[in-house]
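Student: Chains as they are written, first to last, in the numbering used here: chain A, 870 to 1308; chain B, -9 to 279; chain C, 197 to 699.
Just so you know, these hints were derived from the structure itself, not from any lab. For clarity, every value in this text was computed on a predicted model and none was experimentally measured. Note that CB positions come from ideal geometry on N, CA and C, so glycine has one too. Take the hints with a grain of salt, since some may be wrong.
[Unchecked claim] Pair by pair, the computed Cβ-Cβ distance ranges are:
no., chain 1, residue 1, chain 2, residue 2, range
1, C, F302, B, F97, 33 to 41 angstroms
2, B, P193, C, K388, 25 to 33 angstroms
3, C, I560, B, R98, 51 to 59 angstroms
4, C, W245, B, P140, 42 to 50 angstroms
The chain contents come next:
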Amino acid sequence: MATVKLTNVKKIYSGNVTAVHDFNLDIADKEFIVFVGPSGCGKSTTLRMVAGLEDISEGTCEIDGEVVNDLQPKDRHISMVFQNYALYPHLTVYENIAFPLRLQKNPKMSQDEIYERVTSAAQVLGITQYLTRKPKALSGGQRQRVAIGRAMVKDCKVFLMDEPLSNLDAKLRNQMRAEIILLRKRINTTFIYVTHDQTEAMTLGDRIVCMKDGYIMQVGTPTELFDWPANLFVAQFIGAPMMNTIKAQLTKEGNKYFVSPFGYKLEVTGDKGKLLAERNVEPKEIYLGVRPEHVTLLPEGQKGGFPVTILVNEMMGSEYHLHVQTEDGTKLVVRIPTINLSEEERAKMVSGTVINVTFEGKAMHFFDIETEYNLLTDNQYHGNDDPEAPIKSDEAKDELHPENNESAPAEEEKPIEESPKAEEEAKVEEQPGEEKPQE
Amino acid sequence: MATEKHSMSMSKKRTIVNTLSYIVLGLISIIWILPFIFLVLQSFRCENTGIVNYVFPKSFGFDNYIYLFSAETNFLQWYFNTFIIALFVCVLQTIMQFMMSYTLSRFRFKLRKPLMNVMLVLGMFPGFLTMIVLYQVLKTIGLTGDNAVPGLILVSVASSGMGYYVSKGFLDTLPKSLDEAATVDGATKFQIFYKVILPLCKPILIYTVLTSFMGPWGDYIFASVIAIGSETGLNVAAGLYTWLSAAMISDNFTHFCAGGVIVAIPVMVLFMFLQKYYVEGVTGGAVKG
Amino acid sequence: MGNSNDLEMLKKTKFQRFGINFVAFFKSIPQKFKNLGLAIWGGLKKLFWGFVNFFKTIGLTFWHGDWKTKVSYFVMGFGSIARGQWLRGILFLLFEVVFFVYMICFGGSYFSQLYILGTKEQIIDEATGAIVQQGDNSFNILLYGVLSLFFIVAFIYTWYLNIKQNKIAEEILKDEKRLDTAKDDLRAIVDKNFHKTLLALPTLGIVIFTILPIFFMVLVAFTDYDKQHALLFGWVGLDNFKQIFTWTAGGKSFSATFGQILLWTLVWAFFATFTNYFLGMLVAMLINKKGIKLKKLWRTVLVFSIAIPQFISILYVSQMFATDGLINGLFDGIARLFGNNNFQPIDFWGDPWLARITVIIINIWIGVPYLMLVVTGILMNIPADLYESANIDGASAWQQYSKITLPYMLFVTGPYLLTSFTGNMNNFNVIYLLTGGGPINTEMYGNAGSTDLLITWLYSLAVNEADYKFAAVIGIMVFIVVAVVSLVVYNIIPSTKNEEEFQ
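Isolated chain A (complex conformation) (with noise of 0.2 angstroms):
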């Protein structure tokens, strides 16, 4: 039963090295809050101010409209739970569980009610028949399952998670992430969730912060950060396979709004077009972002498409990922349902086919190709004009030109992605709070 408000946080380390610039965000009581970034974007370090594991260096932390800089993690109200579990390897699971309660003092807690409180919450998890094992007996998701027991039968404001699920394997980890939608009902509280697992925060978030060398780079619900990525870091780190981003050209004719990758020309359609149209968006070079789900395959012989070349086919079951490349040499990748195939058609998805394809209209990205940032939102997070944000370099920005593009990366992989330019972030205005593309 508490919210949360962050105000202009900042962790500076001794020698100047600043993980986290500026964080500002509000949190509803009850929401379920997800930070995700690669490693190092200051994610962690921000729940950990949270929690009073680190000092905040400036700005303000207010738990319950009460600022908690000053309050111990133990007077905070907080449970946690831990990347790597963190039980006490020398106490039963029963005991472990018990282990906060144990400490609480004024009320001091009954053994009875320690008793009701434990079982109780081993019994929710399913870790009853472990109780008077040690966690050394235990496997991983079990001792997750006591992890989060630990910190479940405290009454807290708010329940804090770093990256819980990165240490089990992937089917676990799934099975897992389910029973914390679970959880999250039972317990009903503010949740914090920290990740590097973008599918998992698409999944647990009720809002995502996504974050980027101790900026933020976008807040919004999952659907914002998919449909309307603030920028293009946003939009590549959001989505598995990474989106395909072209240099090209935007052009108008009329109302209407086209682009010309590799030289062919292709019209904009539904909102985007409408979007770009109502904004009175000036045609000039940008970079176009296709998702490979929104790259379409065109039967043999239509027209508006244009062919590429098939480098590597990999087989998903329900889908194909194709890795090809179009004639002047871009590569891109394409994600085809399999179900719409025929028989004689998958047989053709090898090394060397060529194959029409086209992008849907209606489903492509714009970003400015100075800043990166997307040319139909509003709302720019690039460390809120903070003159130190993260400025890219020019070796790495070809790395982002499309003929490097080279293939999608797995979901854990750390996109290679680049930051916009701090000089024209003061020149876009901002509007804090709401970050709702423009209807």
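Given chain A, work out where chains B and C should sit, using these hints.
Tutor: Same frame as chain A, but now just chains B and C:
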């Protein structure tokens, strides 16, 4: 056929190498064990108390042991002294060292690095250098000579915080998230120390107790200085050493052997029981430097 | 750029690479000195600003402070007591009282004589042996003078803390926040300040029983404290150190003796460390070899020899090598077997070179079991797949050792080798109990012997010769040698130390 021949020679070669290895290991074992067998044998020698150049006594007997327990020597007094010193030192030294290593491992405070550097620099001075002063100081309080036991305990314990390296190495391997989890769970720093970390430190505590118990049994340098001029204040090392001086050796060599056996037995038994912890400590300490 | 250079290096032969690294090392020396200079300069600057800050705080706090703070400048802890933090306040006050009582009643007079260490000689009536005039005791003056000096520094620091306390308390009150009460202070002992609680006793022990004595002994090196000046001694400046560097020809020169013993100490430390290291590794690898059975037995046999207190085994073995000892008995027996009834016993401890070699060999016997244990633990940590992959690549046993085992061992045990080298330089027990430093070399100063290390020489100078001034000088020299060796080696070995790595 060819492969058969090849494998034959392989296994033959292996047999030869293994046989050679066993021979070397056997030799090594003999070299390392033999002196102790000689020591025991000579402690039973009755015909001559001096040093001789043969191994097997001409007449076996307990004369030397009887001598040790007689009123003629202070051996029992030395033995008692050493035992008391070892007992106190192993308890106090373990506490001091653990306090130091725990703090340096689990806390980050402003003076931590300077403190470690100071101790590193101090460790480069020969430890004996301080004895010259400490002897004079202890002398004025009357803790030398016949009263050397408390003096020796004090000297051995006082600076033992400087030997924190091995246990800090162990503590450093305990994940920091344990402390953090306990902090979030509402434990004070003392509760973290007492309820979370201390129970996990059994191996290193046993190692520290063992080494600090063994230390005083072999300490010659401090005891010989602090108990200088005394007959009854010595520990076994300094005491038995006097028996091997040029003037006394011909009367006391076999007594020394018997004394050595009696000193070695309890230490050895303890060591053999706790060997596992010792090995862990030694390896861990070396890797962490 | 660096990247392409590294790639270039790969083309070179081992010899060329060594040459390039060698040149690079010497090229980097000026840079290293520059860095050292910068570090020292930085330290000095920091110190200077520390002082500036110190006086600024004192001045400003007095200027801005209220009357409670101002009184605290004279009555320590007053401000704290007046603001309700009585526990701190009383401790401050108590410290001040103790300090002044000590200085006035006791320490002050010693401190005032520190510059000269006493003037009055003790005079004894030779006929009766009675003391006619009670002389000054320089030892006590120096000791209590130094103690007072420490006390004064501690007092100034505490006084400063007391002022800072007032400043902080005033600031907190100005912000209308709550001051820590005595109860909070008590609670902090086991919580916020728990590290201070834990450190208090060990640090106090180190200050009194190590820092103070070492500081004292360093001062002694600048006096003429020896047998002739046992009671009254005085400052002589650098005279004792000059002796080390003044080469006087002829017997009993301190400098020649020092040089010879230092050389032997380094040679000894080198051999003692590396013979043990490699032989210990050999034994460990032999025991851990695949296909060797009874591993536990072999190991236990060696561990057994660690379990016996070292002084017993060393003293016993030393007697085995005596002229009438077992070893000579054995040789005699062998000689008889070959019909030589006139075997002359070998005087292992009488001949300087023979004694030195014997000491090193016996040290192998003493040290190898321990090294075997250390090495075994590390060997087991080498990932087995390294060897498996080497086997597949067709590496011979020797290649596996020289390309995998040895580099890994050297990398992991680098710091350990360093500490065991410096440990061996100060290995009192082995040398003293085996040879007592002998055979005594009449050419050398202060009855030094051919196997004497600096540390055993220091011992005999202090205990047998009462030549404290030189003992102190040697102590300082040992420190310098150890520090130099450590610094150089530490910069060469790849640093494996990363404290946070595991946490």
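Student: Hint by hint, which ones does this structure get wrong, listed from lowest number up?
Tutor: Number 3 only.
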